[in-house]
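Spelled out, the chains give:
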Amino acid sequence: MTRNNSNSKNPLHGLWALTNRDLKKWYKNPVILLLGIVQPIIWMGLLGKAMNLGNMFTSFSPALPPSIPQSIQEQIKLAMSDLSRQAMLSIFGTKDYFSYMAVGMMSFIVMFTAMFSGMSIVWDRRLGFLNKALSTPVARASILMAKVFSAVIRALVQATIVLGIAYVFGLSVGADFTPLNMIGVYAALFLISMGLSSIFILIAIRSTKQETQMAVVNLLNLPLMFASNTLFSTSLMPDWLQAIAKINPVTYATDATRQLILYSINMQQLLLDFAYLSVFAAVFSTIGIVLSWRYLSK
Amino acid sequence: MAAEAIAVEGLTRVFNKNLVAVDHVDFTVKEGEIFGFLGPNGAGKTTTINMLITVLRPTEGRATVCGYDISKQPSEVRDCIGVVPQEYTADEDLTGLENILLCADLYGIPREISQKRAQELLELVELAKFKDKQVATYSGGMRRRLELACGLINRPHIFFLDEPTLGLDVQTRAATWNYIKLLKKEYGMTIFMTTHYLEEADMLCDRVAIIDYGKIVAMGAPNDLKEGLGGDIMTLSIQDSKGDISELVKKVPKVKEVKKQDGAYRIKVVDGEETAPIIIDAVRAEGHKVTRLSLTKPTLDEVYLEYTGKSMREEEESREGFRAQRIAMRRARGERLRGGH
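Those protein sequences? They're chains A and V, same order as listed.
The first sequence lines up with residues 215 to 512 when you count with our numbering.
The second sequence lines up with residues 168 to 508 when you count with our numbering.
So that you can see chain V by itself, here it is in the shape it has in the complex (with noise of 0.2 Å):
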């Protein structure tokens, strides 16, 4: 086996000829490592997961999965690699364990050895005694688990997780997180994951990177790229009608970039303590009235937020909303399912 779980190099996916998903993306996954692919909704994270796990074409480049090419040996790929979905795709008609060995049966494990394994798995996600229960009467956490149990049924050397703590509450997630955690401690297992929670692939993630209109804007290990922000920020509001400040804070000593954003003007500083007080002088002695000052040490957020120039905050809210409309379309749907044919 490579060093490289994955390497992708040019991968571009274009769907409907002009709408250009995934645009030139080049990155490698190393072995045993857990790389998060961070982004706005919409920014071309599950086309690149689908991509790679073979379920879409590739327009254009080329990318290895365990060595394998994903466009010319799709099937030894699929063999090595272990999917969860960002859908609950378990079948709500079925039971858990039915689920599972269904999984097994897809990869075509015998049943003796299948058998062991989804108990095995059922335990590790604590669904052993939910096992012969529909999954219709299950929790969004519990779906969310039995998912990740048929993920691993075929004991797969790459994990690709697609957002896999969306929409779930604090105390699952925290469960979720060390299950992820146990895979790379115990098995070496290498994980591809693509998530919005910035603090889940701050505390997750070797390295991430971080995507934006199907482009790579910046990658590496999470403190690198903090520290890559090279100072602290602030956050600072006047009473607006006053005019513009930008030119009177760039002027204050160790202040290296302003931006106007939202109303709000973000400052990035060199050793922020020492030079807030100044700035805010600065900003006095000119009559403006300050109404609003924070201080951060750089977070991934402020990663994400200096690349996409979007707060996370904004994309989790309109997601959670999005994905609420989801929820609810689906089980129109489901509804009509059952009552149909």
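For reference, chain A alone in the conformation it holds in the complex (with noise of 0.2 Å):
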């Protein structure tokens, strides 16, 4: 057998070999793909139905003293419907809890799958492919940056079926929405996600076990969801909850998605949330790509 491995290999040579390995895996099982939509839906059937903000001063009669003309009642009544329709703008910038859910939940579908994408690896190590990946000379960037585009691009289909089906289910885009701001609020859930990724797969590297994953994904997934402005507003948290939304990225990553499917666009404020979002993704991808260097063989 002659050998004929040629020396103009391209450096990236692997890298999409191993990411459609991992996407294979993945939508070639349906059950898998049907429940990553299934559990984002449910969140938004249950609470973003359920808690119907908007109607909250609307959705009862005070009872008012006999004595008050009908004239003023109706007045009243009217009032305070009013109130409650600036209440929601001036916290949620939206009328309905829904749309505002609805539109958090594609930050929440990255979060999760992005938190998932460590276990992976964690896999692939036990079961042996991983060293067997390591005796190839694909590079170890590629076999981190694998998993990232891989957790990545399922995040990003999820999240668009997820939020076809929200706009089925009454989400109301702003008035200010064209489908080119689709290409805006991709390209955010993708730094974010990337971001993320790399985090999550970072801290499983160089692990066997699965249950020390299972623990970082349950510490970490409270914080990232409610210390963000996922499915609340900032402005109604205290100052020392408000300063760890202010640093959690997911925090920009709904900003700009809001603003890009909901609200009319703040420019600054949404180069501001790309400007963070990018830094996130470009740090962590690049201490992921620094590190597998070191830390995928022992």
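In case anyone wonders, no lab produced these hints; they're calculated from the structure.
There is no bait here: all hints are sound.
Simulated pairs of lysine to any residue, SDA-like, Cα-Cα distance not exceeding 20 Å: (1) V/Lys184 / A/Arg420; (2) A/Lys239 / V/Asp299; (3) A/Lys242 / V/Gln301; (4) V/Lys184 / A/Ser511; (5) A/Lys242 / V/Glu265; (6) V/Lys300 / A/Leu237; (7) A/Lys239 / V/Leu261; (8) A/Lys423 / V/Glu254; (9) A/Lys238 / V/Val302; (10) V/Lys239 / A/Ser511.
Chain A regions said to be covered by chain V (calculated; three or more residues, Cβ under 8 Å): (11) 235–249; (12) 338–350.
If you only want the chain V side, here are some residues facing chain A, beta carbon under 10 Å, derived: (13) Leu273; (14) Ile276; (15) Gly318.
Here a beta-carbon is modelled for each residue, glycine too, at the ideal position from N, C-alpha and C.
With the hints in hand, could you dock these two chains into one complex?
Spelled out as structure tokens, the structure:
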């Protein structure tokens, strides 16, 4: 057998092959795909529709003294309805809470997909696949980045499906929304997904215990989700929580997607969101690439 | 290319600062040779192979594979080797063909070449009919053959096989041996393998190294090792409670060594056929009753026993048990994997 390994190799060879391997496992198994979508839909259905905050002041008839004339009673009701509308707009920036949290669900999907992406590297290590890949000339960084990219692609597909379903169930897009805005939405979700996946894969890079991963995921998912604007406006939070939300990258991704889908765009704020997300994604994927050289092999 | 395919000097690996898995090992593997690493469980066989295939960093020492330094030129080493790990590493959710093509992509082999090669290799390992079936449906033997095909996709110069026939039935094991012999004969491939099957090492390997507690305790061609024992091995048991007969047996001429092992006497003798009756007479004359007797021409098993003090058979049993347990664990994990995210 003669060796004919060409020297003119693309340094990225293997990156797509490894990404595609993970994606194949996913799309060949419709149950996993379905479960990934069902969970956020349950959240939207239960929390989004149940917390009908827009009707907070109008869904009951206050027992006003009968001495107040009918016309004034009507005015009070009107004023309260106006009050609730204004409160919603000032706190959530939109009239209905369902739309607000449906868009937040996109960050939620990205977050959960990223969290579990670390698990698959633990499996690859335990089942020996990682060792086999390490014995081939494929770049160590490709092994790690393939995990990141497959998580990113899975997250984006799931987020798209969930957004479509939310639209059917009454998501009202902003007046300024154009289909072009979706490019920005994907860019924001791509960046947050890349940064978060890199973090969680880095945590798993030397681990052989899926229990450790589960513990980390359980520890981090509540703070990442609730110390952000994913489900509630940060303006209602105490100062210390607002401070945490301010450094939480999920806040910036959610804000960017809400601006692009629901609100009229505040260009300065949107640029800040993207700057923060870009730095976040660049820093953690770089750390991942650098550390993969050292820590993938033991 | 140097005449030495693999050259190892003082290779050492320490885990967790105090567990010495491989302890200053030296050996060379010549071009076109089948070299076997024999040893009990945890002796350091897999640790050595993992260092040579650049998956594990040595703590100390150096080694060259295909003339490249494993620590300084790992990429060059990876390009010229093929590896069949101990585990079944093929992806269960993909088909046989998809798995081979994935391996090809990891070596950066262009698709038009890898398609053709994959087809050839699938035919070589007789999996062509099953190439589009998911690996989850493959039997153990089929999966092992698929691993062989994956390891050969880059036409390696040196082929590393870690326990290539572990847990296979007799037929599949014989078929695997045939593939290995074919690779040497047809392509002159250098093969480095670990095994705990003595007949496998005896039959396939040009040279073997016996490793125990991370150190090489014997090395050479199987026949030389057997002859090096310097005699036949007689195993003798007497009805116990009657004291030690070691000294008594040692007095018989042509007896070279007497060891008491597991309640039996392991006696190394020259010209076993003639000496054995004399030993028995001597033992009986002292009033001992012989309950069991065997005389064997030296085999690799005897060599192994000589150097490690353990019978290979005991090792095999514990190994098979360990393996069954591992497979059960993997299945359980697999189930959880599919149920989770």
